[in-house]
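Listed in order, the protein sequences are those of chains V and P.
Here the first sequence is numbered in the working numbering, starting from 11 and rising by one per residue.
Here the second sequence is numbered in the working numbering, starting from 47 and rising by one per residue.
Treat the hints with caution; some may be incorrect.
Claimed, not checked - With a straight-line Cα cutoff of 16 Å, these simulated EDC-like cross-link-like pairs (lysine to aspartate or glutamate) come out:
#: 1; chain 1: V; residue 1: K15; chain 2: V; residue 2: D77
#: 2; chain 1: P; residue 1: K160; chain 2: V; residue 2: E61
#: 3; chain 1: V; residue 1: K28; chain 2: V; residue 2: E67
#: 4; chain 1: V; residue 1: K166; chain 2: V; residue 2: E88
#: 5; chain 1: V; residue 1: K84; chain 2: P; residue 2: E164
#: 6; chain 1: V; residue 1: K194; chain 2: V; residue 2: D178
Said to hold, decoys possible - Among the chain V residues that face chain P by a calculated CB cut under 10 Å, a handful are:
#: 7; residue: P78
#: 8; residue: L82
#: 9; residue: K84
#: 10; residue: P112
#: 11; residue: V162
#: 12; residue: K166
#: 13; residue: M169
#: 14; residue: L246
#: 15; residue: I249
Unchecked claim - Label pairs and their in silico Cβ distance ranges:
#: 16; chain 1: V; residue 1: Y21; chain 2: P; residue 2: Y95; range: 14 to 22 Å
#: 17; chain 1: V; residue 1: P62; chain 2: P; residue 2: W63; range: 54 to 62 Å
#: 18; chain 1: V; residue 1: Y21; chain 2: P; residue 2: V104; range: 29 to 37 Å
#: 19; chain 1: V; residue 1: T31; chain 2: P; residue 2: S157; range: 34 to 42 Å
#: 20; chain 1: V; residue 1: K183; chain 2: P; residue 2: V174; range: 53 to 61 Å
#: 21; chain 1: V; residue 1: Q132; chain 2: P; residue 2: K67; range: 52 to 60 Å
#: 22; chain 1: P; residue 1: E255; chain 2: V; residue 2: P137; range: 25 to 33 Å
#: 23; chain 1: P; residue 1: I108; chain 2: V; residue 2: D23; range: 39 to 47 Å
#: 24; chain 1: V; residue 1: D178; chain 2: P; residue 2: M59; range: 31 to 39 Å
#: 25; chain 1: V; residue 1: G47; chain 2: P; residue 2: V104; range: 48 to 56 Å
Calculated from the structure, these hints are not laboratory results.
Positions of the beta carbon are idealized from the N, C-alpha and C atoms, including for glycine.
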Amino acid sequence: MIQIKDMSKWYGDFQVLKDITEEIKQGQTVVVCGPSGSGKSTLLRCINGLEPFQKGEIFVDGVSVSDPATNLYKLRTEIGMVFQRFELYPHMTAIQNITLAPMKARSKPRKEAEAKAMELLQRVGIPDKAHEYPANLSGGQQQRVAIARSLVMEPKIMMFDEPTSALDPEMIKEVLDVMIGLSKGGMTMIVVTHEMGFAREVSDEIIFMDEGMIIERGTDISFFQKPKNPRTKEFLDKILI
Amino acid sequence: MFDAVSSNLPFLMGGFWVTVKLAFFALAGGIPLGILVGLGRISRNKWVYYPVTFYVNVIRNIPLLLVIFWFYFVMPIIIGSPLDPFPSAVISFIIFEATYFGEILRAGYQSVSKGQIEAGYSTGLTYVQTTRYILIPIALRRMLPSMITQSIVTYQDTCLAFVIGLPEFVRRARIVDTLEVRSIQLFGFVAIVFFITCYIGSVISRRFEVREQEGG
Ligand SMILES: Nc1ncnc2c1ncn2[C@@H]1O[C@H](COP(=O)(O)OP(=O)(O)OP(=O)(O)O)[C@@H](O)[C@H]1O
Ligand SMILES: [Mg+2]
């Protein structure tokens with residue numbers, strides 16, 4: 011579903027990503043972790059073409075992201091993205107946040123878009139919040155609206171960039187539960203997170219990044235109990251207190 | 047009690063009308079020019095950004111009074127014919143206020159998080175759609191209270207035009223005062239009129255701030 015081949019990216023002279031190679035198959039959930047500044051967000055942003063990269067290739071469902079002939083707008087509808095800070099549109103209600111893209115990017119009639127949005131709000135557990143503005147929702151509720159906003163485009167892949175790290179502890183579970191449901195339902199997912207419980211439960215692969223490189227990978231969290239790289243151990247000791 | 051005011055009311059209110067007209071033209075020109083200035087300030091084109099930034103920095107570091115003065119006394123030397131005080135004041139205000147409205151626009155633009163824009167793109171919206179449905183509405187909402195406040199300030203500042211002899215509200219009160227010697231009464235009246243009109247404006251402004259907090 012996603013193939014990354016020898017991909018490198020620079021910001022000016024600074025190399026953020028170094029020869030990243032990774033393959034994610036349909037239906038897999040891959041967890042990405044690593045210290046701040048290691049390039050996790052940048053990697054996600056390269057995958058859906060929000061950031062250009064200078065070397066290597068990324069294919070999403072067989073389509074090259076860096077090919078100038080690729081319609082990035084269409085490609086992005088196939089990759090949902092959920093952000094650390096939710097990034098809901100503050101001037102729109104929950105349901106308007108969700109229906110904007112189907113109505114504008116796919117010219118769906120309002121009725122149809124709203125019916126679909128209500129179905130998704132039901133699925134993330136907050137149908138009663140449809141007409142609330144983001145400012146009146148808790149962090150966990152906002153993040154669930156954000157997930158519904160991505161799902162409404164029926165993406166083939168969902169990317170999450172630290173979706174729970176801006177949340178109070180009591181709200182983390184409600185968001186993780188939605189994500190676990192998605193993963194078990196067969197969604198292809200890339201999740202940047204330090205929630206190792208989540209990783210253990212649903213991930214097919216865990217990747218550890220440091221300084222722009224993938225320095226450790228495994229299929230289970232237990233793999234990391236004997237990491238090859240001392241940096242991995244040091245990092246895991248910090249987050250697995 | 048208000049004898050000096052009541053017996054000169056048409057003359058005074060004529061001055062008030064000049065003030066209102068001046069404020070109206072200052073804003074009608076200053077806001078659109080300010081939008082252009084703001085766009086220049088967020089432009090990535092250095093041939094646009096640097097000249098506009100220079101203009102903004104120069105004007106914002108000169109007192110408005112001097113801009114009015116300078117324009118009225120220096121422009122005739124440059125263009126070779128004298129200027130009427132009213133158009134001269136209008137142009138000075140437009141030049142001055144545009145820099146402030148420009149900075150308000152820039153701040154509004156910068157208040158929209160990069161993530162909100164990327165959220166738009168990541169659902170497949172185009173550049174134009176993201177700008178129209180996300181960037182502009184969010185920025186406008188953030189800008190509106192400051193725009194109203196700056197408009198009120200502009201309206202109050204119009205009385206500075208008295209320095210070039212424009213017969214606006216304050217200047218006419220001064221003229222009546224030299225004849226009637228009723229300073230407290232006359233300037234009290236001017237203050238009350240300014241207070242009432244500005245107060246209405248600030249109430250409107252506050253409504254927008256409350257709406258912003260509610261998210262609507
Ligand atoms: N627009 C940019 N210009 C220059 N450098 C950037 C830019 N964006 C990110 N970087 C740098 O690239 C590196 C990787 O950033 P990135 O946001 O991908 O890290 P991250 O792993 O997501 O970190 P975090 O856990 O803090 O989110 C950092 O050193 C950052 O300072
Ligand atoms: Mg990040």
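Tell me, in ascending order, the numbers of any earlier hints that this structure violates.
6, 7, 12, 14, 15, 20, 24 and 25
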